[in-house]
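Undergrad: Here the structure of chain L is known, so what remains is to put chain Y in place on it, guided by the hints.
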Amino acid sequence: MSTAATMRPAATQVSGTTKGSGAGRPEPPDRLAGRVGMGVIFAGLVGITLWAGKLVGFSWGELLGNLDKVDRLVDDSFPPEWAFWPRLVDPLLETIQIAVLGTAGGCLIALPVALLAARTVAPRPWIYRVSRMGMNLLRTMPDLFWAMLFASAVRFGPFAGVLALIAFTVAVISKLLSESAEAIDLSVLEAVRASGGGWIETVRFAVWPQIIPHFVSYTFYAFELNIRASTVLGLVGAGGIGMVLRTQLSVFEYDRVILIVLVSLAVVLVIERISEMARRRLV
Amino acid sequence: MSAAIRFDHTHVVYPNGVRGLDDFDLEIEAGQMVVVVGLSGAGKSTMLRAINGLVTVTDGDVIVGGTGVRAAQGSGLRQLRAKVGMIFQDFRLVRRLSVLDNVLIGRLAQVPTWRSVIKAWPKEDVDIAFDALERVGLMDRAYTKASQLSGGQQQRVGIARALAQQPSVILADEPVASLDPVTSKQVMDDLQRINRDLGITTLINLHFLDLAKQYAERIVGLRQGKLVFDGAGDAVTEDDFNQIYGRAMTADDVLEAHVAL
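The listed protein sequences derive, respectively, from chains L and Y. All residue numbers for the first sequence refer to this note's numbering, where the first residue is 5 and numbers rise by one. All residue numbers for the second sequence refer to this note's numbering, where the first residue is 429 and numbers rise by one.
Think of the hints as simulated: they come from the structure by calculation, not from any bench. Glycine is no exception: its CB is placed at the ideal position from the N, C-alpha and C atoms. Treat the hints with care, since some could be wrong.
As the list claims (entries may be wrong) - Partial chain L-side listing against chain Y, Cβ under 10 Å, derived:
id, residue
1, G61
2, V192
3, L193
4, E194
5, A195
6, S199
7, G202
8, I204
9, E205
10, T206
11, P213
12, Q214
13, I216
14, P217
15, V220
Stated by the list, open to error - Here are the simulated distance ranges between beta carbons:
id, chain 1, residue 1, chain 2, residue 2, range
16, L, L36, Y, V446, 41 to 51 Å
17, L, A187, Y, A548, 28 to 38 Å
18, L, A187, Y, Q501, 21 to 31 Å
19, Y, S578, L, A37, 46 to 56 Å
20, L, R232, Y, S578, 43 to 53 Å
21, Y, G493, L, R284, 51 to 61 Å
22, Y, S468, L, L148, 53 to 63 Å
23, L, I216, Y, S468, 27 to 37 Å
24, Y, A548, L, L141, 33 to 43 Å
25, Y, I546, L, R284, 22 to 32 Å
26, Y, Q576, L, A37, 52 to 62 Å
27, L, D189, Y, E552, 42 to 52 Å
Claimed, not checked - Where chain L lies over chain Y, by a calculated footprint (3+ residues, C-beta under 8 Å):
id, region
28, 511-520
29, 540-548
Bound-form chain L, shown alone:
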């Protein structure tokens, strides 16, 4: 095309007279104010730490003076009572079952909650605000709180543990997943809408394919959290190995307690590692 050649603009000449002379180079900004600010913040943190230590009655004397008691505890605990081991198998399986059910139930509920609590996906702004508020409320409560709540609501036992972990999982995973949903490529959503797709279709075809990898990864992560949490849930009466731990602690059978701690540690570590490997492989 002839117009192209004739209409190419002339390259503009760059004048380079002051090159290397240093003229016009900006002064580095004054950092003194920043340094003073950092000093004030650091001093403040030290002050808060000392104040908190005084408040909880922290004392080096008490810490170091009681080392002999720790010594006696260790003496009582070792060697572990290995013969107690067969009585741990069933509670351990129960602990794992609680974690599996809590994870599955929690993640299934977390999925719609996360979609409604993602600003870019929620069908209406008010739905987003309500979901986000509910999600934040849920997250302020720790797993042990849920366990205590459900243990008194539905009686002591594994079912309370499952309910507690479901609540805990929804709180953690819906937050993570809603943030993933807010970070997806939104342009595809417009394409699905332009084709005449409604909200459900847009979520199914534009949002879901983009968040599947995150969802799978978070499910495994929730399982790892829940395996750890479910070992201590029994301490407040929500089933599993923790209930055995509580009983043995209350009768000062420290050689059994140490066995429970060691076995739980081993199981948690092994399952966590397997889950981590699966997560890496899948995502």
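TA: Frame of chain L; chain Y shown alone:
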């Protein structure tokens, strides 16, 4: 009713106060191939998106196939959008889905939600999707993941998705701006062939003026949300372009120059 699309004193003001279209009037006859030119920010994208309600018309109206966009809501809006296929500069495919699933997105307005959610597509809709893929020469890639295709192929999947809607109008928003010159011509040829074979009214935003001249039956020029040029594709002159752009043409405005570089 003669016009396929009629802009009737259309105003689009965005929530941030930016004016997209300013008292815009235009009629487009059924089956026409119209190229829209103008600087970026002139309102080209807004004009296309006002047709299928992706942007909100704040005053006046756009009449598409006898239906006013402004009053359309819910399923009415979905049915209007179903008749208007759209093609995007950045393709907007769901990269993790297969080519066929991407094309079937064009059938969403017709397929019951419970079926599309579990991907239990009715046979006739799958047939329509395959026909659309055949038309852009990608039938053999139906089960490939969309992300594995080249840019030109992805844009043709985008065209197939629009075709699967069996639309009466196709809107193409800078369809070749992300493609190299050779692929650009292939995609423009596809759009032209579809316009001629199926008689689908086609509106294309372009910023390459030589492509506009080559393919347009009619060229429409926009500047600051207003219509500043309207004429036959082969009648447009360099002066007309200078007027639309408010400046002299440069090499950047011409695709051939990019080939030469």
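Undergrad: For every hint, state whether the structure bears it out.
TA: Quick rundown of the hints versus the structure:
A cut of 10 Å between beta carbons decides the hint on G61/L: the least distance to chain Y is about 57 Å, and the hint is violated. A least Cβ separation of about 5 Å between V192/L and chain Y falls short of the 10 Å threshold, and the interface hint therefore holds. Checking L193/L against chain Y: minimum C-beta separation of about 9 Å stays under 10 Å; hint holds. Checking E194/L against chain Y by beta carbon gives a least distance of about 6 Å; that is within 10 Å, so the hint holds.
Interface hint at A195/L: satisfied, since its Cβ lies 4 Å from the closest Cβ of chain Y, which is below the 10 Å cut-off. The beta carbon of S199/L comes within 5 Å of a beta carbon in chain Y, closer than 10 Å, and the hint placing it at the interface holds. The closest approach between the C-beta of G202/L and any C-beta of chain Y is roughly 6 Å, which is under the 10 Å cut-off, so the hint is satisfied. At a threshold of 10 Å, the smallest CB-CB gap from I204/L to chain Y is about 5 Å, leaving the interface hint in force.
Evaluation of the E205/L hint against chain Y yields a held restraint, the C-beta minimum of about 5 Å falling below 10 Å. Proximity of T206/L to chain Y holds as hinted, the smallest CB-CB distance being about 9 Å (cut-off 10 Å). Against a cut-off of 10 Å between C-beta atoms, the interface hint on P213/L holds, since the closest Cβ of chain Y lies about 4 Å away. The closest approach between the C-beta of Q214/L and any C-beta of chain Y is roughly 7 Å, which is under the 10 Å cut-off, so the hint is satisfied.
For I216/L, the interface hint holds, since its Cβ comes within 10 Å of a Cβ in chain Y; the closest pair sits about 7 Å apart. Here the hint on P217/L is kept, as its CB sits about 9 Å from the closest CB of chain Y, short of 10 Å. With its C-beta approaching chain Y no nearer than about 13 Å, V220/L sits outside the 10 Å limit, and its interface hint is violated. Checked against the hint of 41 to 51 Å, the pair L36/L and V446/Y passes, with Cβ atoms roughly 43 Å apart.
Distance hint for A187/L and A548/Y: a CB-CB separation of about 30 Å, consistent with the stated range 28 to 38 Å. Taking 21 to 31 Å as the suggested C-beta distance range, the pair A187/L and Q501/Y conforms, at roughly 30 Å. About 54 Å separates the C-beta atoms of S578/Y and A37/L, a value consistent with the hinted range of 46 to 56 Å. Range check, R232/L to S578/Y: Cβ separation about 47 Å, and the 43 to 53 Å hint holds.
Between G493/Y and R284/L the beta carbon distance is about 53 Å. The supplied range of 51 to 61 Å therefore holds. Separated by about 57 Å at the C-beta atoms, S468/Y and L148/L satisfy the suggested range of 53 to 63 Å. A hinted range of 27 to 37 Å for the beta carbons of I216/L and S468/Y is consistent with their spacing of about 35 Å. Checking the proposed 33 to 43 Å range against A548/Y and L141/L shows it holds: the Cβ atoms sit about 38 Å from each other.
Range check, I546/Y to R284/L: Cβ separation about 30 Å, and the 22 to 32 Å hint holds. Q576/Y and A37/L have their C-beta atoms about 54 Å apart, which keeps the hinted 52 to 62 Å range intact. In this structure the hint that D189/L and E552/Y lie 42 to 52 Å apart at CB is violated, the actual value being about 31 Å. Here's how the region 511-520 of chain Y fares: 6 of its residues keep a CB closer than 8 Å to some CB of chain L, so the rule of at least three is met and the hint holds.
For a cut-off of 8 Å, the count of residues in the region 540-548 of chain Y with a CB near a CB of chain L stands at 3, and the three-residue condition holds.
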